[in-house]
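J.: Here is what each chain is made of, one letter per residue.
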Amino acid sequence: MLRFIISRLLQAIPVIFIVITATFFLVRAAPGGPFDAEKVVLPEVKRALEAQYKLDLPLHEQYFAYLSDLAQGELGPSFKYPGRSVNEILFSGLPVTAELGFYALLIALIIGVTAGVLASLKPNTRQDYIPMSLAMIGICMPSFLLGPLLVLVFGIYLEWLPISGWGSIPGDKILPSITLGAAYAAYVARLSRAGMLEILSQDYIRTARAKGLPEWQVVGKHALRGGLIPVIAFLGPAFAGLLAGSFVVETIFQIPGLGRFYVQAAFNRDYTMILGTTVFLSSLIVLFNLISDVAAAWLNPRLRSQLSGGGQ
Amino acid sequence: MVPLDKIPVYRERPNTPYLQSPYLGTYYYLVNTERPPVNNVKVRQALSMAVDREKLVRSVLQETAVPAYSITPPDTLGYFPPQVFSYDPDKARALLAEAGYPNGEGWPGLEIIYNTQEAHRKIAVAIQQMWKSELNVDITLANQEWKVYLNSVSQRDFQVARRGWIGDYVDANNFLDLFITDGGNNNTGYSNPIYDDLILQRAPRAQSREERYALFTEAETMLMEEMPIIPIYTYTSKHLIHPSVEGMYPNLMDSLNLKYVKLHPEQTLSGEVN
Amino acid sequence: MSLLNVENLEVSFVTRNGTSKAVKGVSFTVEPKQITAIIGESGSGKSVSCYALLGLIPSPPGRIDGGVASFEGQNLLTLSEAELRKIRGSDIAMIFQDPMTCLNPYLTIGEQLIEPLLVHRNLSRADAKTRAIELLNEVGIRSPDSTFDSFPHEFSGGMRQRVMIAMALINEPKLLIADEPTTALDVTIQAQILRLIADLQKHRDIGVLFISHDLAVVSDIADQIVVMEQGEVVESGAPDAIFNHAQHPYTQKLLAAIPSGERDSEEAKDDALINVQNLRTWFHGSGKTEPVKAVDDVSFDIHRGEILGLVGESGSGKSTLGRSIMRLAPVTGGQITFDGIQLTGLEGRDLKDFRSRMQMIFQDPFASLNPRMTVYDTLAEPLLLHNVCQRAELDQHIAKLMDDVGLARNFIRKYPHEFSGGQRQRIAIGRALATRPEFIVADEPVSALDVTIQAQILDLLMALGREHNLTMLFVSHDMAVIRHIADRVLVMYHGKIVEAGPVKQVFNNPAEPYTQSLLSSIPGVAMM
Amino acid sequence: MTTLQSSEPADLLENAEMGASLWRDAWQRLRKNKMAVGGGITLLLFIVVALLTPWLAPYSYEAQNLDLGASPPSAAHWLGTDVFGRDVLTQVMYGGRVSLAVGFIATAVALLIGVTWGAIAGYVGGRVDAVMMRIVDILYALPFMIFIVLLMVVFGRNVLLLFLAIGAVEWLTMARIMRSQVQSLRQQEFVEAAISLGLSPAAIIRRHVIPNALGPIIVYTTLTIPSVMLLEAFLSFLGLGIQPPQTSWGLLISYGAETMEEYPWLLIFPGLALTTTLFSLNFLGDGLRDALDVRGSKD
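Protein chains in written order, with my numbering: chain A, 1 to 312; chain B, 1001 to 1274; chain C, 2001 to 2528; chain D, 3001 to 3299.
Bound-form chain A, shown alone:
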C-alpha cells in the first residue's frame, strides 16, 4: 500500500512541475499586466513597482527565482494586495472554502446516495424516474442560477435563511452549501444508482436473501458497500472540483474563500497569486484523487490485499 502511495506521489511531481512551468509562462504571455489600471499610472511609478516585484528581470531569471522561492515554500508577495503574501492569503481563505466544500459534499452525499439507492431499488418506476430527472436538472443547473433562485425563495420570499455571509449569522452556511453541493448531489445520485443496480444483480445478493435476511439488511449491509465504491472514487476529484468551482458561490454569497481569490487573481493578472493558487489546487487535486483511490481500494478487500502485498 505504501509503495502504491509513494509511486503515485512520485508520478505527481512531474505533473505539478509542468503545470507550474506552463502556468508561469502562460500568465506572462496573457495581455495586460498586474499594474495596468484604467487611470494610467506614471511610467516611473510603474517602473518602480515592477522593480519592486522583480518584473524587470529577464523572464528566465524570474522563473528560476520563483522556483527557488517555491522550493522553500514561499509563494511570493501578492501583486494585488500589497503587503500580503500569497501564502498568507491562501491560508486565510482555505479554511473557509474547505468548510464550504465539506458541507457541500456532505449534502451531496446525503441527498445523492438516498436518491440513488431509492431509485435503484425500483428501477423504471416513478421512484426511479422522479429522483433521476431531478438529478439531471441538478447536473445542468448552473450555480449562478441556482444560487440567486435559492436566495429569492428561502431568503427573500420565505425569509427563512440569511442570504449572504459566512459564519456571522446562524444558518448563513446553509444556502451556499446547498448551491455548491447540488450538482454533485446529482452526480452522486446517478453514480450510486448505477453502482447499486450492478451490485443488486450479483449472485451474493441472492445468497443473502436465501439466508433469510430482512431486505434492509440485504440492501444496507450487502449491497451498499460495493454499490458505493464508484461514489467514493468520485469524491476525490469532486472535492478538488468543489474547491476550484466555489468561485461563483463565494461571489453570490459574499464568502471570503479561496475560490474568489483564484478567479480574481486571473482577472487581476496577479501573477504570484495565480501561480500560488494553481500550484496549491493542483497539489490538492493530486492528493484528493489519491485519497479517494486509496479509499476505494481499501473498501475492496481484494484490491486491499493486493496493495498491501506491495503490488500495484
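Think of the hints as simulated: they come from the structure by calculation, not from any bench.
Wrong hints could be hidden among the right ones.
[What the hints assert, rightly or not] Facing chain D, from chain A, some residues (calculated, C-beta under 10 Å):
{"#": "1", "residue": "VAL15"}
{"#": "2", "residue": "VAL19"}
{"#": "3", "residue": "LEU26"}
{"#": "4", "residue": "VAL27"}
{"#": "5", "residue": "GLN72"}
{"#": "6", "residue": "PHE144"}
{"#": "7", "residue": "GLY147"}
{"#": "8", "residue": "ARG190"}
{"#": "9", "residue": "LEU200"}
{"#": "10", "residue": "ALA240"}
{"#": "11", "residue": "LEU281"}
[As the list claims (entries may be wrong)] Computed cross-link-like contacts, EDC-like style, restricted to lysine to aspartate or glutamate with a CA-CA straight-line distance of at most 16 Å:
{"#": "12", "chain 1": "A", "residue 1": "LYS122", "chain 2": "A", "residue 2": "GLU198"}
{"#": "13", "chain 1": "A", "residue 1": "LYS39", "chain 2": "B", "residue 2": "ASP1168"}
{"#": "14", "chain 1": "C", "residue 1": "LYS2033", "chain 2": "C", "residue 2": "ASP2205"}
{"#": "15", "chain 1": "A", "residue 1": "LYS54", "chain 2": "A", "residue 2": "GLU38"}
{"#": "16", "chain 1": "C", "residue 1": "LYS2021", "chain 2": "C", "residue 2": "GLU2232"}
{"#": "17", "chain 1": "D", "residue 1": "LYS3032", "chain 2": "D", "residue 2": "ASP3286"}
{"#": "18", "chain 1": "C", "residue 1": "LYS2202", "chain 2": "C", "residue 2": "ASP2220"}
{"#": "19", "chain 1": "A", "residue 1": "LYS39", "chain 2": "B", "residue 2": "ASP1088"}
{"#": "20", "chain 1": "C", "residue 1": "LYS2086", "chain 2": "A", "residue 2": "GLU215"}
{"#": "21", "chain 1": "C", "residue 1": "LYS2414", "chain 2": "D", "residue 2": "ASP3025"}
{"#": "22", "chain 1": "B", "residue 1": "LYS1132", "chain 2": "B", "residue 2": "ASP1088"}
{"#": "23", "chain 1": "C", "residue 1": "LYS2202", "chain 2": "C", "residue 2": "GLU2031"}
{"#": "24", "chain 1": "C", "residue 1": "LYS2496", "chain 2": "C", "residue 2": "GLU2232"}
{"#": "25", "chain 1": "C", "residue 1": "LYS2414", "chain 2": "D", "residue 2": "ASP3293"}
{"#": "26", "chain 1": "A", "residue 1": "LYS80", "chain 2": "A", "residue 2": "GLU50"}
{"#": "27", "chain 1": "C", "residue 1": "LYS2129", "chain 2": "C", "residue 2": "GLU2111"}
{"#": "28", "chain 1": "A", "residue 1": "LYS39", "chain 2": "B", "residue 2": "ASP1177"}
{"#": "29", "chain 1": "B", "residue 1": "LYS1132", "chain 2": "D", "residue 2": "GLU3062"}
{"#": "30", "chain 1": "B", "residue 1": "LYS1132", "chain 2": "B", "residue 2": "ASP1177"}
{"#": "31", "chain 1": "C", "residue 1": "LYS2024", "chain 2": "C", "residue 2": "GLU2235"}
{"#": "32", "chain 1": "B", "residue 1": "LYS1055", "chain 2": "D", "residue 2": "ASP3067"}
{"#": "33", "chain 1": "A", "residue 1": "LYS221", "chain 2": "A", "residue 2": "ASP203"}
{"#": "34", "chain 1": "C", "residue 1": "LYS2352", "chain 2": "D", "residue 2": "ASP3286"}
{"#": "35", "chain 1": "C", "residue 1": "LYS2021", "chain 2": "C", "residue 2": "GLU2010"}
{"#": "36", "chain 1": "A", "residue 1": "LYS221", "chain 2": "C", "residue 2": "GLU2111"}
Where is the CB? At the ideal position from N, CA and C, for every residue including glycine.
On the provided structure of chain A, position chains B, C and D as indicated by the hints.
T.: Same frame as chain A, now just chains B, C and D:
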C-alpha cells in the same frame, strides 16, 4: 452600488429609500482618430449626433443618469460646459453622406469594444442599434476581459472603446487635460496644438475664474467639434438610504460626511411591515 | 410423510416479448434423509423450480402461476415474504453453483457465516462465532479461527464452496437445496465436495434437493433422480432404474452423451508440426516478488494431424501453455517451432500473416464473441482480413462456413446473445476455421456446455479435424472428454508436464500418482 | 457438405457491408422506443426551427423598442420582451441557433479527441497510458481562464475557436471514461480472439472496443451538450464567444438570472428551451444506449 434593474422597484415604493444625485464622472466612447472610418471628423460627428441620449437614459439607464453632451459634468464648481451639438439624426445622415457614406453605403464596418459588464453591454447594444437604424451602418460589438480591454485601449488597438472618467478633484481641468497630445489617458490619437496651448499654457495663467472658465469653454467647444470622444452620460451617485437615516446629503464627489448623520430606528421601510 | 412435496408447479416469465412458461406442472418429492436429484440442461426449468419454492425468482418478470409445495404442513407458494424469510436460511437452506460470485467479496467469511444465526436465532455474536468455527471445522477448513476474519477472495473455489455449505448448514436446516454445487469446480475438488455433501447428509439427517446437469455427478449420491426437459418432468426414479432402464428418449440421450471410450488413433505419427522446447512463461508481479511460473520449462511435439490432449486442473498452466503457443501470452524463454518456422521470433506483419495458419477456440463462447457483431460480421472479419476470398464471394464463403459447423443459414443476421451456448461455440469454431488454419488450440471448448451439446461439439470437432486435416491441441480439465477425443495426452501440474503418452497408456496405466488421483476423481466411474 | 445453390435466403445476400448491421439494428430498436423517439422528434423540431429561424421569427432579433422596454408575455409578444423591447420568442429562436450549433459541434470535437485518446491510452497501457493520462492531469490543472484569454490573443476571436476551446476542456473527462471502459474491455476474450485472428490494434479498437464502450460515452455525451451550452456563456463573458446583438440560450439565461425577480420571463423561457433540450437529449441518449446494447431486448 444599486443594481440597475432593481432601481424601478425601489423607486416605486412609497417613502422610497432611493436617493440619486449627479456625480463627478462622465461615461463616454473613445474614438481612435487614426483608424478609418472614424479618422474622419464628419463620421465622428454623425455618430455622436445619432445617439438619442435622452431615450437611452430613460429606457436602458432607468433615469439613473443625466445625458451628456460634453466631457465635463455640468456645474463643476460653477463651470457649465458648452453644448455644441444635440441629437439630430437628419444632420447626422447629412454628415455621413458628406463623409462619403450616403445612407451607409460603402461603410467599412466599425467595432465597439467594452470590458465585460452587464451595464456596458446594455449601452453598447442600444447604441449599436441606434446607429444601425439612424445611419444604416453595421456595428460589431466586442466585449473583452478587463485586463485585455485595458491593454487594447492603451495599445490603441480599437476603433471605438467604452470609457468612463471619474474626477479626482472638482475642476474642469481634470477632465479637459485628458486630451492633450500624448496624454497618458488620451488614448484617441487626438492631437491639437491649439488645444494643448489652451489647457497647458493659457488656462493655468488665467487671472480670474471667469477668464479661466472662458478658456475651458473655448477648449471644450474645440474638443466637441473634433469629437475624439463621444460623451454619453453623466454618472449619478445612487444610494438606498433607510428612512431611519437623517442628515445624509448628496454631493458631487459622493463622499460621506457622517458628522451630521442621525439614526431614527423607529422608522421602517413601508415594505417591511411585520 | 415427505419432507417436501411439490405438485403441479407452474412458473412463467413475463417480458416485453410476451409470456414464456418456464415450469409447466412439475411435481416431485424430497424424502427426509434422502437426496433427490433434479437433472436437466440449461433452460429445462430445474433451477427456476427450486428458486420459486423460496420466493427467490425476481418478480417481475417471474410469476408463479400455480401448484402446491408442502413443507411441514405449509404451502410455501402462498406464504408471505415475511413468513418465507423465517424459513429461508433456517429450515430450508441453499447452496449455489458459483462459489466465486455467491459470497459477498466485501464482507469477511465469518460475518457472512454468522448472519443466519443472528437473524434466526438471536444468538450473541460471540456464541455465533463459536458455532461458526465448529462448523468450519466440520466442513474441512483448516485453522478456522484465522479463516473467520478472511475475505472470500483469499480462498480457492473449493474452499469457498465449503464455506457456502457451512453457511447453509449453520442453522441445521431440514432441507438443503444445492444448485449445481460442483459444476464450477475442478474434477478432484468436485469429488471432495460431493463426498462432503453426502457425508453431512448422512450425519445430520437432512433432505437434499440436488440440482445438476450432469448425470454422472449425481449417480454416486442420489436416492431419487428426476429428469427435466423444457419445464416438464420426463422421467423419475431410482438411479439404478434411470441408468439401466431409461424409458424416455431424452434420458437415453443424456446417458449417451456422457463421454466414454477412446478413439482409435493411428499409432506412431512422428511428423512433428510443432516443436516446443524448454518453453517458459513467467508472470512478474511488481517489485522483487517471485514470478509466477505458469509454464516452466516444458518441451513436447505436436504431430501433424493428431489431437493432442492437455489435461490439468485450474492453475496448472495448461491454458497459458496454449496461449503461449498462440503468441497471446508473452513467452519468457524457450522456443516454439511451427513447420520449421521460429514462432517465437515472429513480429508485426509476419506474425499477423502467420496467424492465419493457427487459430484458437476459447472456453467461454459467451465471452469470446463480440456481443455487438452478427454472425455474418464475425465470420466475414477473418475472411476479409486474410484475403481468403474476394468481397464478391464473401456470402458464399460465409454460407459454406455455416454449413460446415452445422448452423442454419437463416441465423446469419443474428447476434451472439440470441444463440444457445452450443450454437455460439459453433460460431466460434467457424471463425477459427475461416482462415483455413493447419493448427487449432481448443481451450476447454466444451466445459461451459450442457452434456448433450458437449457431445455434439466434440463430434463436430473430430469430424472437422479429419475433413480439414487439422492438428489440434485440446486443453481440458475433464479426463473423460480428453479420453474421448485425444490421440495422445499430456498431464500438466504446477507448470510442468508430469506425464505424457498415448491415451490408452495414460488412462489404463498411469505412472504418476497425480494422474492416478485425477482418474479416480472422474464422477460416475462406478456407473460406467 | 452441400454446395451453395442459387436459391439462398434473400437476406443473406443483402449484407454487403461489414459492420453496418449493428447500426441498422440499433435504428430498428430505437424506433420502437417511444421516449427516445419523442426526444428525437423534439430535438429535430428544435433543429429545424433553428435552421428556419430567419423566416419563422416573428420579429427582427436586433430591432429595439426602447420605449416599450421589458414587458411580460402578451398577444403581440408571446414570450414578452426584454429591456430593449426586443421580442423574447425571437431571441430564444436565434439563441437556439447558436446554442445548438455550439453544443453539438463542440461536443463532437470533444468526443473525437476524448474517445481516441482514452481508447489508445487504455488499450496500449503501460508507459504510453501513464504519459497520456498525466497529460490529461496537467491540462486539468492549468488555469482555464488564462488559457482561453491566450487562445484569443494568439488566434483572434472567432467561432471556430470557441468550439476548439470548449472541446479542449470537455474531452478530458471523456478520455478518462473511455480509458476505464477500454481497460476492462481489453481483458475480454473476444478481444483476444481478434488478436489471434491477426487484427491490428487500430482495427481492434475501432471494430471491437469502441462499439462495446459506447453506452457510458453516449450517456456522458447527453450530459455534456447542455453543460457546453452554458460554458459558451462563460466564454462569451471572457470575450471569446458570440457578440451582441447575436445571442444564445446560455447568454439569455445568464442575463435573465440577473433580473429574475423583476422580469422572470427573461429567465423562464430560455431556461425552458435548455431544459427541454436536456431532457430530449437524455431520453434519446438512453434510448440509443439501449438500442446499441443488442442484448438489451433479452433482459
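J.: Are the hints correct? Go through all of them and say.
T.: Now the hints, each set against the structure:
no.	hint	in the structure
1	VAL15	holds (5 Å)
2	VAL19	holds (4 Å)
3	LEU26	holds (5 Å)
4	VAL27	holds (5 Å)
5	GLN72	violated (22 Å)
6	PHE144	holds (6 Å)
7	GLY147	holds (9 Å)
8	ARG190	holds (9 Å)
9	LEU200	violated (14 Å)
10	ALA240	holds (9 Å)
11	LEU281	holds (7 Å)
12	LYS122/A <-> GLU198/A	holds (13 Å)
13	LYS39/A <-> ASP1168/B	holds (10 Å)
14	LYS2033/C <-> ASP2205/C	holds (5 Å)
15	LYS54/A <-> GLU38/A	violated (23 Å)
16	LYS2021/C <-> GLU2232/C	holds (10 Å)
17	LYS3032/D <-> ASP3286/D	holds (13 Å)
18	LYS2202/C <-> ASP2220/C	holds (14 Å)
19	LYS39/A <-> ASP1088/B	violated (32 Å)
20	LYS2086/C <-> GLU215/A	holds (12 Å)
21	LYS2414/C <-> ASP3025/D	holds (10 Å)
22	LYS1132/B <-> ASP1088/B	holds (15 Å)
23	LYS2202/C <-> GLU2031/C	holds (13 Å)
24	LYS2496/C <-> GLU2232/C	violated (47 Å)
25	LYS2414/C <-> ASP3293/D	holds (13 Å)
26	LYS80/A <-> GLU50/A	holds (13 Å)
27	LYS2129/C <-> GLU2111/C	holds (9 Å)
28	LYS39/A <-> ASP1177/B	holds (13 Å)
29	LYS1132/B <-> GLU3062/D	holds (10 Å)
30	LYS1132/B <-> ASP1177/B	violated (32 Å)
31	LYS2024/C <-> GLU2235/C	holds (14 Å)
32	LYS1055/B <-> ASP3067/D	holds (8 Å)
33	LYS221/A <-> ASP203/A	holds (15 Å)
34	LYS2352/C <-> ASP3286/D	violated (38 Å)
35	LYS2021/C <-> GLU2010/C	holds (8 Å)
36	LYS221/A <-> GLU2111/C	holds (11 Å)
Hint compliance for this structure: hints 5, 9, 15, 19, 24, 30, 34 are broken, all remaining hints hold.
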